[in-house]
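Asker: Make a model of the complete structure from these sequences and hints.
Protein chains: 2
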Amino acid sequence: MFFFRKKKKLENVSNFNNKIIKIGIDLMGGDYAPISTIEGILLSLYELKDLHLKITYYDKIDYKKLIENFINKLPKRSKIYNYFRKNLDNEILNRIEFIPCSSYISMSDKPVNILKNKDNTLVKVFELLRDGVVDGVLYAGNTGAFLETSVLVVGRLNGVKRPALLTVLPFNRPVLLLDSGANPECKPEYLLQFSIMASIYYKKIISNSLPKLGILNIGTEKIKGNSLAKESNKLIGSYIKTNDNLFSYLGFVEPYDIVNSKVDIVVTDGFTGNIMLKSFESLGEYVFNFIKKEFSLNIFNRAVGLLSRRIFKRIKSYFDYSEYGGALMIGLNGISVKTHGRANSRAIKNSINFTYKLIHNDINSIIIKELNNIRNITLNS
Amino acid sequence: MFFFRKKKKLENVSNFNNKIIKIGIDLMGGDYAPISTIEGILLSLYELKDLHLKITYYDKIDYKKLIENFINKLPKRSKIYNYFRKNLDNEILNRIEFIPCSSYISMSDKPVNILKNKDNTLVKVFELLRDGVVDGVLYAGNTGAFLETSVLVVGRLNGVKRPALLTVLPFNRPVLLLDSGANPECKPEYLLQFSIMASIYYKKIISNSLPKLGILNIGTEKIKGNSLAKESNKLIGSYIKTNDNLFSYLGFVEPYDIVNSKVDIVVTDGFTGNIMLKSFESLGEYVFNFIKKEFSLNIFNRAVGLLSRRIFKRIKSYFDYSEYGGALMIGLNGISVKTHGRANSRAIKNSINFTYKLIHNDINSIIIKELNNIRNITLNS
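Order-wise, the sequence lines are chains A and B.
Residues 1 to 381 in the working numbering are what the first sequence spells out, letter by letter.
Residues 1 to 381 in the working numbering are what the second sequence spells out, letter by letter.
If you are wondering where the hints come from, they were derived from the structure by calculation, not from laboratory data.
Please read these numbers as outputs of a predicted model, since none were measured by experiment.
Don't take every hint at face value.
Copies of the same chain look alike in the list, so a pair counts if it fits in one copy or across any two.
As the list claims (entries may be wrong) - Dumping the calculated EDC-like pairs for lysine to aspartate or glutamate here, alpha-carbon to alpha-carbon at most 20 Å:
| id | residue 1 | residue 2 |
| --- | --- | --- |
| 1 | K64 | D89 |
| 2 | K110 | E221 |
| 3 | K230 | D119 |
| 4 | K79 | E68 |
| 5 | K292 | D89 |
| 6 | K161 | E68 |
| 7 | K224 | E148 |
| 8 | K64 | E185 |
| 9 | K222 | E148 |
| 10 | K203 | D89 |
| 11 | K118 | D244 |
| 12 | K54 | D131 |
| 13 | K54 | E294 |
| 14 | K313 | E221 |
| 15 | K230 | E285 |
| 16 | K116 | E221 |
| 17 | K65 | D89 |
| 18 | K241 | E285 |
Answerer: Put into C-alpha cells, the structure is as follows:
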C-alpha cells in the first residue's frame, strides 16, 4: 500500500493484564528482507519491553551477523546502542527465538506451490499461530501466499464464513475497507459478516464511537449497481433494523465519499475492493511523480522545488505506507497481519507494534460472540 | 471525470467528403446549463464552419437572450465578436435549429422516470438520432439518464450484445477503459465484443497502430481474480489466436499498468470500471486539495505557493476534464457522447468537436463488419 497516514504514537499498552504477548514473524518476507525485518524486530524489542518474538528464517541466513550489523550502524553512545550492547545476550535474546527452515517463499512464488514443501518460513510461522505458540503473525512478503497460507493453516474463526482482508485507508479520518483482496467472489451474507467484524475492529482499534458503514456502489440509488450490492443492501438493511448497536448504516457509498471520510467502514467484494485500493495507490504515485517531473523542468522550477522541499516532505509523510500498521486478515482463528512488501525497517517496527495492539485488544473473542448472536436471531426468527 | 489530458488541436477534418455533419445537443444537460451549453455551442459553430446543430431546449428558456449575452461578453473588436455580429442572423442561425420541449431532465432525476413524459429535451434529442435527423448526440447531464435513454431510444448496433461506456484515461499515453459504467453485470462474450469495438476506436481515433489490450484483474496469474476475469481471459485468448489484426493481447492487467500506460485498452465490467474511474478521479482531487491546504499553512508556505502557482497551473491543466472530449457509448446505433456534468463552455466546445470527429470517422460501420466476421467464424467452427 503506497500512501498511508501519519503514525499515531502507540499508547502505552505494555504489560496490560500481565499477559506476555508473543508474535511470529517470517524473517524472509518483504522486498528488503531479511535486513528490513531484523532491524524492525530489534527496534520493536527496544520499544516494547514485554514483547516476545518467534522468528522463522531460512537456515542459510546468518541472523547473528545481521543483528551485529544493525547494532554497529547505531550511533555510538546513543541510548539504544547502549541498550543493545548491554542487554543483547541476556534480556533480548531471552525474548526472541529463531526457528530454522529449509526453504522460504519469495515475492514471485505462486501461492499454489507453497504447501508442497511445508518446511518453509511462511507455513512454519502460521503453524506456530495455529498451535498457540504465538498470539499473532506479521508478514511483509507475497500477498497471495499470505492469504492462501493463513486461511489453510490457521483456519476460520468459529461462525465466520469468509475471512476478509481489512485495510485502513488513511484519509482525513481513517476509513476501513474490506474485503480488500481475499475473496474475489462474495455473497451478501459475507458482506454482512464483514460489516459486523469491521465494526468491532473500529470500536476497539480506531475510536470508541458508532461507525458509519456503507456498501461500495456506482451510485447511491437503490436500483443502482450489481446484484451483490443490491442484495447486500437488503440484507444489511434488514439486519440493522434489529441490531443498531454496532454501526449506523448509510446504504450505498462511492469512492468520493471514501476520500472525503463521509463513511468509516466500506464493505465490498475482494475483487472490487482490491481494484479500488490499487487505483488509489497507483494514482497517488502517478500524481507525485508527475509533480516531481514538473518541478525539475527548468532552473526556475527546480529552484521553487528546492524551496518546496520541506512542504512536500511533510505532504509525502502523510501518504507514506511505512507509517502504517498493515492489513488484518479478519475472521481468522488468530491475528494475522500483512504489511507492505516494500516495508522498510521503520514500517516493520510500526507493523509489529500494530500487531501487538490487535492481540492486546482481543477482538476475536468479541467477533465470535456477535456472530453467535446473529445465528441465534436467525434460528429464532 | 476530473482529470484529463491537455487537448490536442482538432485536425482540420472539416468538409471531408463534403458530408454535412449534424449533432444533436440537449441544451439543459449539465451543472452549468443552459449557459455553458449555449456558449460551447457558439464556440464550436465558430471553429467548425460546416457544423450543423439541432438543439432541444426547455420552452421556458429564452435562448435568444442567452446568445445575445454570450456575444456581449466577447471582447469588442475581436475576430470572434465581429464574426458573430456579422453572421448571426444568416450564416449561423442557418446552421442551428432550436427544438422546444415541455420538460427536461435534471441532474437528480431518476432514470426510471425519464420515459414517463417523453416530451423532454433528453428523449427528444435521442429521437433525432434514432430518426437520422442528426448523426450524433452530445449530452453533459445526468449519466444514469444518458445510459438508460440512449439504449432505449437509439438501440444497439446490429450484432452488439451490450453497448459500453468507453472513457479515455489521460495518462502519459491515453488508455481506453470500458465498460466504465453502463453494464454493472457482464458476461465474457460482452468483454470480447468490448475488446473488438475499442480496438476499432483506438485505430481510428487514437493512433493507427496495434493497441495492447488487457483484462482488468487483481493479479496477473491465470488463477487470479473472479470468474468473469478468468472466463474472459480464456475467450479472448482463444479469439486472438485466429484474429491477431485488431489488438495484441496482454492477458491480465492491474491499475498500476494503467497509470503507467503499459496497456492501451482495458476491458472490465461496468461496475469495476466505474469504481476504478471514480477512484482515480476522487483521489486526484483529494491529493490536489491536500497540497493546496499544505501550501497555505503559514506565511512561508504561502509565499512558496505563490512562486509555484504557474507550475501548479500547468500541472492542473493536464488533469483538467474540460480539455477532454467525453465518453462514448460504444455499440449504439448512432454516436452518443457523454461529457462531464461539470463541463464549462470550453469543455462543451471540446466535446462537440470530439463528437464531430467520431461521426466523421464512421467507426460504427467498421464495428458491424468486424462483429459479422466473428459471427461467421463462430458459425463455421
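Asker: Indicate, hint by hint, whether the structure satisfies it.
Answerer: How the hints compare with the structure:
no., hint, in the structure
1, K64 <-> D89, "within (11 Å within a copy, 89 Å between copies)"
2, K110 <-> E221, "between (41 Å within a copy, 8 Å between copies)"
3, K230 <-> D119, "neither (45 Å within a copy, 31 Å between copies)"
4, K79 <-> E68, "within (17 Å within a copy, 77 Å between copies)"
5, K292 <-> D89, "neither (47 Å within a copy, 51 Å between copies)"
6, K161 <-> E68, "neither (45 Å within a copy, 66 Å between copies)"
7, K224 <-> E148, "between (33 Å within a copy, 12 Å between copies)"
8, K64 <-> E185, "neither (44 Å within a copy, 55 Å between copies)"
9, K222 <-> E148, "between (35 Å within a copy, 16 Å between copies)"
10, K203 <-> D89, "neither (40 Å within a copy, 68 Å between copies)"
11, K118 <-> D244, "neither (45 Å within a copy, 43 Å between copies)"
12, K54 <-> D131, "within (13 Å within a copy, 74 Å between copies)"
13, K54 <-> E294, "neither (47 Å within a copy, 42 Å between copies)"
14, K313 <-> E221, "neither (41 Å within a copy, 36 Å between copies)"
15, K230 <-> E285, "neither (33 Å within a copy, 28 Å between copies)"
16, K116 <-> E221, "between (48 Å within a copy, 19 Å between copies)"
17, K65 <-> D89, "within (14 Å within a copy, 88 Å between copies)"
18, K241 <-> E285, "neither (42 Å within a copy, 36 Å between copies)"
In this structure, the hints that do not hold are numbers 3, 5, 6, 8, 10, 11, 13, 14, 15 and 18, in rising order.
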